[in-house]
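Trainee: Here is how the chains run, residue by residue.
2 protein chains.
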Amino acid sequence: MYRTHNCGELRQSDVNSEVTLSGWVQKIRDLGAMTFIDLRDRYGITQLFFNKEDNSELHSQTEKLGREFVIQVKGKVTERSSKNPDMPTGDIEITVSELNVLSKSDVPPFTIEDETDGGEEIRMKYRYLDLRRAKVQKGIILRNRMAQEIRQYLIKNDFLEIETPFLIKSTPEGARDFVVPSRMAEGKFYALPQSPQVFKQLLMIGGYDKYFQLTKCFRDEDFRSDRQPEFTQIDCEMSFVERDDILNLFEGLAKHMFKEIKNIDFTEPFVRIAYDDAMEMYGSDRPDLRFDMKISDLTEVVKGNNFKVFDDAEFVGAICAEGLAGYSRKQTDKLIKWVQRPQIGAKGLVFAKYNEDGTFKSSVDKFYSQEDLKKWADATNAKPGDLILLMSGSKRKTLLALGELRLEMGNRLELRDDNKFAPLWIVDFPLFEKDEETGQMHAVHHPFTSPKKDQFHLIETNPENIKAEAYDLVVNGNEIGGGSIRIHDTELQEKMFKILGFTEEEAKAQFGFLMNAFKYGAPPHGGIAFGFDRWVALFNGSESIRDVIAFPKNNAGRDIMIDAPSEIDAEQLKDLSLAIVRE
Amino acid sequence: MYRTHNCGELRQSDVNSEVTLSGWVQKIRDLGAMTFIDLRDRYGITQLFFNKEDNSELHSQTEKLGREFVIQVKGKVTERSSKNPDMPTGDIEITVSELNVLSKSDVPPFTIEDETDGGEEIRMKYRYLDLRRAKVQKGIILRNRMAQEIRQYLIKNDFLEIETPFLIKSTPEGARDFVVPSRMAEGKFYALPQSPQVFKQLLMIGGYDKYFQLTKCFRDEDFRSDRQPEFTQIDCEMSFVERDDILNLFEGLAKHMFKEIKNIDFTEPFVRIAYDDAMEMYGSDRPDLRFDMKISDLTEVVKGNNFKVFDDAEFVGAICAEGLAGYSRKQTDKLIKWVQRPQIGAKGLVFAKYNEDGTFKSSVDKFYSQEDLKKWADATNAKPGDLILLMSGSKRKTLLALGELRLEMGNRLELRDDNKFAPLWIVDFPLFEKDEETGQMHAVHHPFTSPKKDQFHLIETNPENIKAEAYDLVVNGNEIGGGSIRIHDTELQEKMFKILGFTEEEAKAQFGFLMNAFKYGAPPHGGIAFGFDRWVALFNGSESIRDVIAFPKNNAGRDIMIDAPSEIDAEQLKDLSLAIVRE
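From first to last, the protein sequence lines stand for chains A and B.
With our numbering as the guide, the letters of the first sequence map in order to residues 1440 to 2022.
With our numbering as the guide, the letters of the second sequence map in order to residues 1440 to 2022.
Result set (PhoX-like, lysine-lysine): computed pairs, CA atoms no more than 20 Å apart in a straight line: (1) K1595(A) x K1595(B); (2) K1595(B) x K1577(A); (3) K1958(B) x K1564(A); (4) K1595(A) x K1577(B); (5) K1466(B) x K1958(A); (6) K1543(A) x K1892(B); (7) K1813(A) x K1800(A); (8) K1958(A) x K1503(B); (9) K1958(A) x K1564(B); (10) K1543(B) x K1892(A); (11) K1934(B) x K1543(A); (12) K1543(B) x K1934(A); (13) K1947(B) x K1564(A); (14) K1958(B) x K1466(A); (15) K1958(B) x K1503(A).
Calculated from the structure, these hints are not laboratory results.
Because the structure is a prediction, the values reported are computed rather than measured.
Bound-form chain A, shown alone:
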């Protein structure tokens, strides 16, 4: 037997027990006559004690050890003379009587500590060593726990976990599909699923009224920061439900997770905000509600003072940054630069300081009197000491820019506490968005999303105004999940495809089997999918989802540890009837 205990469990009450431990050498302190070794495994660290006087031969063996050696020791649990209250095992140590080296280790390329000296690149290359760090382990273990808690909640609610296939058919969003050449069917390809969407709808038609699955999905996108080509989705679907049935059940899931994982009790219902309202109030469809700082519409208030920028603007909005009236010229200049970065893309920023003495100082004093500025303060609920920030332009773009500025000011004011959580639902998304260039309509959610019932009739005449039975769960500015009630009517689905620019043949080729399935008694249904990686990262306090994925790929989609993707032999290409065409 390699061990009787792990390295995290021995306590004062075990003193005098004979034990066997195995683990990694975390640290060696050679004090000459005595040597202390910290032995580590995923459960903790236990201190080993070797005394030269008691057993000099054994003691000398420790000299050959190094960091990350795997060793097995036998010995007696003894009370420490100087205890370490910061360690769960800090009351005891093992007085070692036998030492076996199970595996040697080269000097690792970075230190296996929370504060490591290894940069991201080298830690990714040696991910198996990075995974030994307690900080990384914490995320992986949390992920496991969250997966089990999610399953428990859903199983308790009569959901069935059902696996859907990975080798499927390329879909209209096909350009982002990863494909898999078939060896047996020359020139043909499977595709990897971007989501199990179609299959979960088929399961509803098949009568499995509560389905879920934690499953990998795949998307071949040009990599953006913190995207992975493969990611994990908590995919759920229900039949015989209306929107609120779904919101209530999955709000229950979120509350269960907050309670079990973060020990936070959300007793009140989550706020539900319509998409249009969220855009107007927060300039975002995933607002961070850990702080207020709503956007105020100043379009009417600021007009008529010969300030051409505002007079010509479709929309002028403002936020009020509490207590920042003291910002220096340098600070406001930097803020202007910040909104002018391409990520925000604003032309500029107007500000008005509401001084503690009740006077105002603005960057447009030429055009606006103190009385005018007082109106700005009233409209934004500013108090003396606050800083009012205004942006203008086309409405949508300005709102989005103000939304970004709001988050930045929230950061500066330290209003975005990692330990605070503000969940909400965004509802009533638009069904379509129009491509500004081509005029083509696209589905905001996906082509199976149902319009709101009372708006069905607009589908032929005024589709842009239709709202969808779609919803997102948002926490702290992150979209954690999203879904919709689906269309379960063949005719309506056909109209949708038409509006989305599919020819009849295209719709049939891509979704014929689904359309066909609708003919045989489709129940009303809807669902939701959660981004599991993002949710775990949020609960783990991680910036990046890479932190909570055991073997992530880098931003270029490469696994630099195993060196993939890589070349395959000519023989295999030939078997697949493929040739590489270099440009």
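With chain A's structure known, arrange chain B on it following the hints.
Mentor: Same frame as chain A, but now just chain B:
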């Protein structure tokens, strides 16, 4: 709200409640003045009652309904005048007051009944309808339950469920890899995992000493009956363990599953049989122990009687089929034909009937006296009334053929009861097998399998005789799981690769990262993987794993419902820098 109850839960105690139900129309019985409809969902069937006299307008609506329509009804639970004790809801019916059609249905292409009129091809094409059949549902629901039970057991035993990547690197068994062309890295490919083998070993090196995962694996094989290109594996690995630690823990899992799912208590340890013994006794490395009928070695017993076939044979073996001495000439002739089929490939079969009167009648009476045949009976423990069946030839081939014959006789004697389970471990597999043509050694399990400790020294001199620390869990003739203790020593692993015919470069290119990982303190480790599809099929009493997969592919690897694999556009091929080369 679409429903207050499902179609399986209303009972006598609900009589007089007002309820709302939704579901599929299973059956309509129109008795003129009264109509009865069976309403179905995945929870059961509830009878609906429409009375013309009470509400003729409502009653007339039922005339427009058809099989598989989705309807919603409101009404009162009433006690049935004639109860149906075979149905859980058989005491009650719903006296309907309101009927809404939620979805119409075309006449389904086959009946949604356990005994359906649809052949396999059409049921696969309309799998979403096939999935409505109670028989199919049972398998899918069982699968969900088994997955949850497996997780519970492993989580209780401190295992962590950790996801490993799907977009990985092609391996030496590469010819069977499905590959995924990379768009971003021209001419390069990911591969889909045939198993997470390498990643679970890296997780052990990373310190996650108890790992598991229910995950999809992929193998691009020429399809054999009941193989799927994608299949689900229960993948497990542990550190600081020896073989018996693993066998004991996973025997515990198997017992847990037998108890929870089949309500069978295996209180005794599972039998453990060495591979060599299994081959000699049962002619199989996955013997069906629901019945005995061991193979007897008659090589010495039958020699020296001038029967050239036996005199020249390396091996002569026999089984005794109890009570079949009465087989007619026609029956034995058919049996001879059976062993001559290419699947068995035997030249023939010698038999001896041990008649009830104590005399013998054999197909080789010319060469063997009654006394000779009595010796056969003694060697095979045959009693009067039994049939002794002998085969001869090279030892291995003959044992395998006798193994097949044993199963066939077990079937004929009805000794293979679906409700009986005989689990066992096969241990001490050979480490290598030699390719008869090329002389090249192959790993029986895989290249990371550890030789048995006391046989390490044979690796250079006599590798063929080395046994491996490998094991299979076998139930009723099915290999349910298999695994091994792994090599955790770089030097030994390098020797293995050499014997397996890898050049140093090949080994480095394919497994460099793993070999490198071994340098940084690899713990002793081992694991096991279970074929989840097969296990569920076994517990479900299904012949084929297709029965317990929601959306299976056919034997040619096609999903005929969605029509995959299929062609992709030229544009997408170009993006992938690929061209199709038709032969």
